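Trainee: Okay, here's what each chain looks like letter by letter:
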Amino acid sequence: MSEPSAQPDAERTDLPHAERADLIVIGAGPGGLAAAARAAACGISVVLLDEHRLPGGQIFRRPLALPAPAVPDYARSIQALYRGDAVPDLSYRPDHTVWAISGDNVVYAAGPEGTRRLTAPHIVLATGAYEWPVPMPGWTLPGVMTAGGAQSLLKASGRVAGQRVLVAGAGPLILQAAAQLAEAGAQVVAVLDAAPAAEWWASAARILAHPSLAGEGLSLLARLRAKRVPVKRGWTVVQMLGTEAVAGALVAPVGADGRARRDVGEFIQVDAVCLGFGLIPSVELAALRGCALDFAPALGVWGVRRDPGMATSAAGVYAVGDGAAVHGARRAVIEGRIAGLAVAQSLGRTGGRDAAREMAALHKGLARLRPLDRYLASAFRPRTGLLDLAEDGVVVCRCEDVTARTVRNEIGNGARTLHEVKTSCRAGMGNCQGRNCMPTIARMLAAATGESPGTFGYPKPRPPVRPCGATGLSLAPASPSGNTR
Amino acid sequence: MTRVLINGAAFEAAAGDTVAAALIAAGRKKFRLNAKGAPRGLYCGIGVCQECLVVVNGEANVRACMRAIEPDMRIDVP
Ligand SMILES: Cc1cc2nc3c(=O)[nH]c(=O)nc-3n(C[C@H](O)[C@H](O)[C@H](O)COP(=O)(O)OP(=O)(O)OC[C@H]3O[C@@H](n4cnc5c(N)ncnc54)[C@H](O)[C@@H]3O)c2cc1C
Ligand code: FES
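Which chain is which? The protein sequence lines are A and B, in order. Residue numbers for the first sequence follow the working numbering, so the first one is 1 and each next one is one higher. Residue numbers for the second sequence follow the working numbering, so the first one is 1 and each next one is one higher.
Keep in mind the hints are simulated off the structure, nothing from the lab. Warning: the hint list may mix true and false statements.
Cross-link-like lysine-lysine pairs, in silico, DSSO-like; alpha carbons within 30 Å at most [as the list claims (entries may be wrong)]:
#, chain 1, residue 1, chain 2, residue 2
1, B, Lys30, A, Lys155
2, A, Lys155, A, Lys232
3, B, Lys36, A, Lys232
4, A, Lys460, A, Lys364
Since we're looking at a predicted model, the values are computed, not measured.
The task is simple: from the sequences and hints, build the whole structure.
Mentor: The following block contains the structure:
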């Protein structure tokens, strides 16, 4: 799918040479660390780039000033890198934001000294996920944030986002966020899980039946009980109130049709609201590089198409972890190891070990995680009633301040693709490049046309896909091979 | 501790804090005003949404959730 380009990026003479390695890994979360560690163990030269200051990704965020704690058993293979040990053949570059990849695998990374170009025959994308934005009245007020964002703040700096905190959403992450916030001293007034009690207990039963997940699930519930955090199943938040910052929230039970029953809603006084309704893979670099994407209808999100060795449709490019499909950290570690090993195999440098056997064992490990995959897919699915909360006056595109009313008007006037909505009202043209609004707009188009949200494609990303600093853009790749789906 | 200047006033933040963490520790949730003057603050917390943009040492559009504080850093918020 690469567009032909006049001059490959790697051969540009107007710029300093691109630094070379055997493998570039983008993202130092569980997936990227596992890939980097596995490949480096085979003597493959690896550059590992991440925009954070410490390795570990979203789940293992930690304070800069303290030593790394031990990681859970399933992540043992990344412990050394997480701790910051020097690993032969591996160069870890924190504080480097990748903002473009050219069609010939030149990676553009903005760091403290400006943008560097790096190139390698193999690239592993391990970019992780971000939280599903759910537009509702008041959601742009300061003090309303994602549950994961509140957790990151807490894990990295010990700061709690508020004194009286409401946590709302669906799935396991809100329970974790609530437990951590309560243990850090916040008063968590409630955790609202939109899954009705019957669905919730059915999911819980499935997790409890799984030996390695049961312990984690039970201890989480015990931690919440110890802090007397009420968990209300089949409830959701429908509105946030405040002027300068959030001061209260309206919460309501979810009816049998999945819609929130505002008529029997209750008002709660809070100074922070943490929302977590699911995760969306960060596929923008994959899309920019020209990797084929697939829409997962059940989850309502785009993921990266891969073969069993984690190879994407683009030559030499692999994708692992939540940035390809949201399955959680356990799976990210295994996928990372698979990709690292696959790179070693393709270079013929598996270090004399029985790579085929190791690969088979890793795939068995993936199979064992299927109950967790199914649970996450069900918990994080886009719930029917959520789109209703995007009433006409609600801002859908936070960057360009475009309301649901404007988007619906454009659809009423005949806009039928994400691109048409974008050009007619600027939704998705702002700094975040539509990452926050396009999933909602696709659902609004789907609601209006009766088609699947996947029909409307993944909006073509343009470099810089992340901030590239003042001088970055002058280096922009000559041959970004955009994915037009 | 690391001293930063929030709208000119000294604040002792913890070494290693992000700009966002320092602002929240200082009791500030409002990080910027959007084009229509509406207040915005920390949202995704992981560098994706660009809602947390603040002015740091005169440099505009800095992601507060990603930038580390430095001694005597000037952070300007509405
Ligand atoms: C905010 C948040 C908090 C979460 N907290 C938890 C939790 O507490 N417990 C839990 O079980 N799960 C948590 N998750 C789920 C989490 O996504 C996975 O469980 C796990 O971290 C996935 O690992 P990963 O390696 O795929 O991605 P991640 O851990 O997300 O790592 C991806 C890394 O890539 C980096 N990156 C992305 N794009 C670029 C780029 N362009 N340039 C440079 N670097 C880049 C990111 O900075 C990040 O460090 C959280 C998710 C989010 C979004
Ligand atoms: S809060 Fe989203 S980018 Fe900082």
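Trainee: Which hint numbers does the structure go against, in order from smallest to largest?
Mentor: Those not satisfied are hints 3, 4.
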